[in-house]
Amino acid sequence: MQNFPSLNINTNTDTNLQSELSTLNLGPTHPATHGVFQNVLQLDGERIVSGVSTIGYIHRAFEKIAEHRPFYQITPLTDRLNYCSAPINNMGWHMTVEKLLGINTPKRVDYLRVIVMELARISDHIICNGVLGVDTGAFTGFLYMMEYREAIYEIYEEVCGSRLTTNIGRIGGFERNFNDIAFAKIKKFLVDFPKVLNEFESLFNRNRIFIDRTKGVAPVSAETALDYSWSGPILRATGVDYDVRAMNPYCSYEEFDFEVPVGTSGDVYDRFLVRNEEMKQSMRMIQQALDKIEKEDPTIFHADVPEFYLPPKEEVYNNMEALIYHFKIVMGEIETPVGEVYHSVEGANGELGFYLVNDGGRSPYRLHFRRPSFINYSMYADMSRGMLLSDAIINMSSLNVIAGELDA
Amino acid sequence: MGELNNELLQQHLTGKFGDQIKLEGEPYGLLTVETSRDNIIELLTYLKKDAALQFIYLTDITAIQYPEQENSIGVIYHLHSLRYNVRIRVKVFLPEGDVRTPTATVLWNGANWMERETYDYFGVNFEGHPNLVRILNVDDMTVFPMRKEYPLEDPNRVDKKDFYFGR
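Protein chains in written order, with this note's numbering: chain F, 1 to 408; chain L, 409 to 575.
Certain hints may be false.
Each computed DSS-like pair below joins lysine-lysine, with the alpha-carbon atoms no more than 27 angstroms apart [stated by the list, open to error]:
no.	chain 1	residue 1	chain 2	residue 2
1	L	Lys556	F	Lys64
2	L	Lys556	F	Lys328
3	F	Lys295	F	Lys188
4	F	Lys99	L	Lys556
5	L	Lys499	F	Lys99
Keep in mind the hints are simulated off the structure, nothing from the lab.
Extracted from the complex, chain L is given alone in its bound form (with noise of 0.2 angstroms):
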């Protein structure tokens, strides 16, 4: 069997599913690609299964939340081919109001609690999951805490000073 760079990924992928993916880089030289939601689990079983890319191995799953965007929150898959040693990223955007995205547990079972995780701190709906609750905060908890819109206070606030407890 032949060898696979990102330039080969590229041209895999983009033959396979042409303008459905979209091409983002290769940061620190990692390809970087978004699809969409209706794609992902395609993209990511192509990835798994296809004998020329074998990107059996799921690295990680985690999300990101860019307010200004139209589609705000990011979940982003870290996948490794073991067999020709190359990473690759695969991102989804979803809109705000509508944070949904099929499961990745029907293809890999590690799935499981990086999506259970991912849904804890963003609040992203992994459908298809098998037990979609939260895993890290405690289970009566209403927001999602990784989401830009709860920061952490300010550590110089004035309310904390000691003379407004007398002290």
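So that you can see chain F by itself, here it is in the shape it has in the complex (with noise of 0.2 angstroms):
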């Protein structure tokens, strides 16, 4: 037990049973725990003393995997680090190696980028409301919201195929441009979820079990969540309004109107209505991105360069200059400037950050992700103290903590 310092359980057997503390492991696989992650909490009753999180159990090496492999083919390693939202992985990643090759997108690139992107939050918190709703013991809302993930799944599938680990971005751009149906989906979502999301709220936000069960919960402070280094709806929730969206603006986001929503007391229930209004935000934005593609030109779905941009498949078999550089770039063979960059983009949890170190080589000389779940988490264990086991549940499936990315 030498990594658990802080558990010196009372051995003492003469006492009464009373002022005996009890063991309880929550986790690696409990259902509660939202993924495969330990915490061992010494508990008075129901009450936490202490506790030690432990995590690493689906950790798989994304940093030294991405260390042999070409920048193609680290898109699938990112798209399995926040599986609820794969899209803001890949288009993070992408964006970072442009800002290295020094490509600039088109408008209408950034536009489509944007789109996917904040599809990829609306997907990602109702998951987690959602599930923060069934925590509480109220199943109704998730299967109610469940319908509208799969209705973004199908938008992803008509634009890139697949449906959770999407693959969707290419440096410079898509694979394929937008279908019609696929702009047809989209804008039917745009009619149909705020209704739905509407009645989502009323039913949690008028329900007395739920907002007993959220409100008061786990507060924290501004000051306290900014020395955590946390980031995304559970800092924002707290009333620090820092967004990189807008902030540090990336894919033409300088160009949208758009709000930063933020809590007051930064407890659950604020947690759960900043992702509220967050999805009201990214439809709005998505909203605006669709009337501003209309003045673009719309065969463009990609930078024009050649070198860098993974050709689509159907050019590969047509064209001898498409081959060409599909087998130079699968093969790692192009040339790529020496240096190191720093992207952040607004992830569904907070600041998703690639630090990319390259030397010219066929794959990144070193890459660290900076995970936003990996570091919101590491307060769990010491705001846990002093909180009945049933409000840790709460705390923690407002945390969202994604384990693919928390151990990546």
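Taking the hints as your guide, dock the two standalone chains into a single complex.
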């Protein structure tokens, strides 16, 4: 037990039962832990006296593997980080590479990316808020919203052919253009979803049990949240309006009109409200992006950088130049500049950063991934101290820790 | 209060620390400075607490290894001044036989897991860290896997060919 220095369990047996503490292994595969991670908790009755978080159960050496792969072969690794919003990881990675290579993407690509990333954010928040409801005992909202995550997956499917691990981006843009059915599905989603979201909100915001279980639970001050380097909705719930999209805009976010919702008390209820509000803002942005796209050339879906852009398959089969570029890119024979770049995007859970050091070889010399789930979760054991076990469960689901991103 | 940019930040740092820090340039717009482990906490404290800088947000801590260098292992800090929206990258390089540097947990609690991860990957000993144990890999692991002496196996290696296993 050398790793659990805070667990000095009282083994004195001659005292009465009430003074004894019990140890509970919450996880690694407990249904309420939302993934494979363990908390060894020391309990006094139902109150948590201390806890130790253990992670790393699905660690698969993302950074090490990335040192041995050409840029494009890293894309499927990024899909599997936060698998609830895989396109944001994809786009973040490709934007980092574009920054390194000095590629400017056309406006239409930026807008299409905004659409895909905001859809991903909505689908991630649907899961998080839905599951938060489940953990308080309300299953209806989760089932009700799940249909709309499905609708988003169908949009992905229309755009790139896959649903969960999308591999949706390319350096410079997309593998193929959005078709009319995709746009129709996006527009239908924008019409249908707000009504459902409003119903979902009123299902919970007027629910006495839900409010009692979430309001005032696990409040975090802005100072503490910043001290622990929190980011994303849980930081904004404490009242800090730090959003990478607004502060360091990428992908033409500076052209979009949106608000950064913030909370006041930083408790579980505020995190729920912030995520709901963010979904509305995301829909606003998608609508704006659709309007902007109409003024752009509909045939453009990638930058004109054949030496870096992996050509679509039909071109590879029919065009010699495309075949050559395809071969060189896949084998990592493209020339890349030496340099180090840090690029971050606003992931569904917070600041998703890529620190890429390139020595001009076929793979990154070093790739570090700033994972919001990893950093946000680091406070969990500390903040659980003194909390009831049932509140600690709700707290965990409101942090939205995704195991793939936590462990990387 | 005035604004802050890389040029001003550079002036502040050279004015305060002189030749104790080395400016590495601004790759892709991010001011990068290098210092020694003796000065790192003083530098981070100054960056965090000075009213004209306010780098209150610790974005990330990680490390890198250049085996051919004398000081081969570098610890890399990314800080963000939320007040002025400026980022900075700070590096500390350590010799391979003596990979230790003071912990930043005295300034940010968020550094706790970031340093544990850096220790786990590169074996950087953050002196004064409250709980410097492995975080992602198993406890009984003896190596630091992100170091360059542990390359991943070659996918083309022949000893994994089927015929060696009678398949």
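Each hint tested on the structure:
1. Proposed proximity of lysine 556 of chain L and lysine 64 of chain F is supported: the alpha carbons are some 10 angstroms apart, at most 27 angstroms.
2. Between lysine 556 of chain L and lysine 328 of chain F, the direct Cα distance comes to roughly 26 angstroms. Compliance with the 27 angstroms bound is thereby established for this hinted pair.
3. A threshold of 27 angstroms between alpha carbons decides the hint, and for lysine 295 of chain F with lysine 188 of chain F the separation of about 21 angstroms falls inside it, so the pair holds.
4. Simply put, lysine 99 of chain F and lysine 556 of chain L have alpha-carbon atoms about 26 angstroms apart, close enough for the 27 angstroms limit, and the pair holds.
5. Annotation: proposed proximity of lysine 499 of chain L to lysine 99 of chain F holds, straight-line Cα distance about 21 angstroms (limit 27 angstroms).
Every hint from the earlier list agrees with this structure, and none is contradicted.
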